[in-house]
Amino acid sequence: METRLTLTAQFISDGRALGYDGERLERYVTEQKVDYERAKKEEFERKKEEFERETARLEQEEKLRKEAKAEEERLRREAKADEAARHEREEKARREEHERWKERDAREELKRKDELELARLKEKSAPEAGAVVGQAVGVRQKNVLDRLDKNFQGMKEEDDLLAYLTHFEAVAARCKIESKEWALLLSYKLTTSLKNFMLRDSLFLSDKYEDVKTALLRHADINAETCRKRIHRVKPRQNDFRGYLTEWRTALDNWCKMAEVGKTVDEIKDLLIKDGILENVSGEVYRQLVLNKQNTVENMLDIIEGFKVANSGASLAKEERRSRESWPGR
7 METRLTLTAQ FISDGRALGY DGERLERYVT EQKVDYERAK KEEFERKKEE
57 FERETARLEQ EEKLRKEAKA EEERLRREAK ADEAARHERE EKARREEHER
107 WKERDAREEL KRKDELELAR LKEKSAPEAG AVVGQAVGVR QKNVLDRLDK
157 NFQGMKEEDD LLAYLTHFEA VAARCKIESK EWALLLSYKL TTSLKNFMLR
207 DSLFLSDKYE DVKTALLRHA DINAETCRKR IHRVKPRQND FRGYLTEWRT
257 ALDNWCKMAE VGKTVDEIKD LLIKDGILEN VSGEVYRQLV LNKQNTVENM
307 LDIIEGFKVA NSGASLAKEE RRSRESWPGR
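Note that this note's numbering has the sequence shown beginning at 7, numbered continuously upward.
No lab work stands behind these hints, which were simulated from the structure alone.
Honestly, I wouldn't trust all of these hints.
[Said to hold, decoys possible] Okay, the calculated beta carbon distance ranges per label pair:
(1) Ser321 to Arg206: 24 to 34 angstroms
(2) Thr198 to Ser321: 42 to 52 angstroms
(3) Glu78 to Gly268: 43 to 53 angstroms
Since we're looking at a predicted model, the values are computed, not measured.
The beta carbon of each residue, even a glycine, is placed where N, CA and C say it ideally should be.
All chains should be modelled from the sequences, with the hints used to inform the complete structure.
In C-alpha cells:
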C-alpha cells in the first residue's frame with residue numbers, strides 16, 4: 007500500500023511538473039498507473055517464461071543424464087551377459103572334450119581287456135621280474151635288468167617324474183640298453199600307481215619309449231605350462247636356500263625341457279619374456295593364450311591385440327596387487 011501511495015505521489019509530482027492540474031492531472035496519473043501495471047505485468051510474464059525455460063532445460067538435462075545412466079547400465083549388463091556366455095561356451099567346450107575322452111576310453115575298453123588279461127597272465131607266470139625281462143629282451147641281453155639295478159634306483163612317491171625319466175634315460179643309454187626295451191624296464195622302476203597305469207594301458211608292451219613317456223607325463227599333468235607355474239611356487243623350506251636353489255634349478259630344467267627350449271641366452275630370454283606376459287595378463291587373456299597354444303612372443307602379442315580390439319574397454323593386465331604377489335618371494 008505504501009508503495010502504491012508513493013507511486014501515486016510520484017505521478018502527481020511528475021504531472022504538476024509538466025504543468026497539469028485538475029482533471030488533466032487526474033487523467034495523467036491514471037494513465038501512468040495503467041502503464042506501470044502493464045509494464046509490471048510484462049516483467050512478470052518475462053520472468054515467468056525465463057523460469058519455465060530454465061526449468062525445461064534442467065528437466066531435459068536430467069532426462070539425458072538418466073538416459074545416459076540407463077544406457078551405461080544396459081551396456082554393463084550386456085558385457086556381463088557376454089562374459090557369462092563366453093565362460094559358458096568354454097565350460098561347454100571343456101565338457102564336450104571330457105565326453106569325447108570318455109567315449110574314446112569306452113570304445114577302447116574292449117580292446118584293452120584282451121591285452122590286460124594277457125598282461126596279467128604274463129605277470130602271474132613270471133615268479134620274478136628278471137624272468138619277464140628275459141622273455142622280453144631275449145637271451146643275448148638277459149642281464150639287462152641286473153645292469154640297470156646296479157645303476158638306477160626305483161622311483162619314490164615324492165620323486166619328480168620328469169626328472170626321474172630324464173635320469174632313467176641317461177642311465178639306460180649309459181648301460182647301452184636299446185630304447186625299444188626301455189618301456190618294459192621302466193615299468194619295474196616306477197611307483198605302484200604308475201605301474202598300474204602302465205599295466206592298465208598295456209604301455210609296458212610298447213617298444214616306442216617316447217609314446218610311453220608322453221602318456222606318463224600327460225597322466226601326471228606335466229607339460230610346459232604346468233612346469234612354468236611350478237617354478238613360481240618353489241619356496242625356501244626352513245631357511246634351506248641350498249635346497250631351494252637345487253629345487254629351483256630342477257624346476258627350471260623341467261620347464262625348459264617341456265617347452266623344448268635350449269640353453270642359449272636368446273632362448274632363455276625368449277622363455278622369460280613369455281613367462282612375464284603370462285604372469286601379468288588378465289585371466290581372460292591368459293585363457294586365450296593357453297587355448298591358442300601360441301609359442302612365440304609375436305604370436306602372443308597378436309592374440310592380445312586381437313582381444314583388445316574385440317573387447318574394447320576390457321582390462322588386459324592383472325590387478326596391480328595380484329601382479330606383485332605372483333612373483334617369486336612375494
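Comparing the hints with the structure gives:
Judged by the Cβ atoms, the range 24 to 34 angstroms given for Ser321 and Arg206 is violated: they are separated by roughly 45 angstroms. The beta-carbon spacing between Thr198 and Ser321, approximately 47 angstroms, falls within the hinted interval of 42 to 52 angstroms. The beta-carbon spacing between Glu78 and Gly268, approximately 52 angstroms, falls within the hinted interval of 43 to 53 angstroms.
The earlier numbered hint that this structure contradicts is number 1, and it is the only one.
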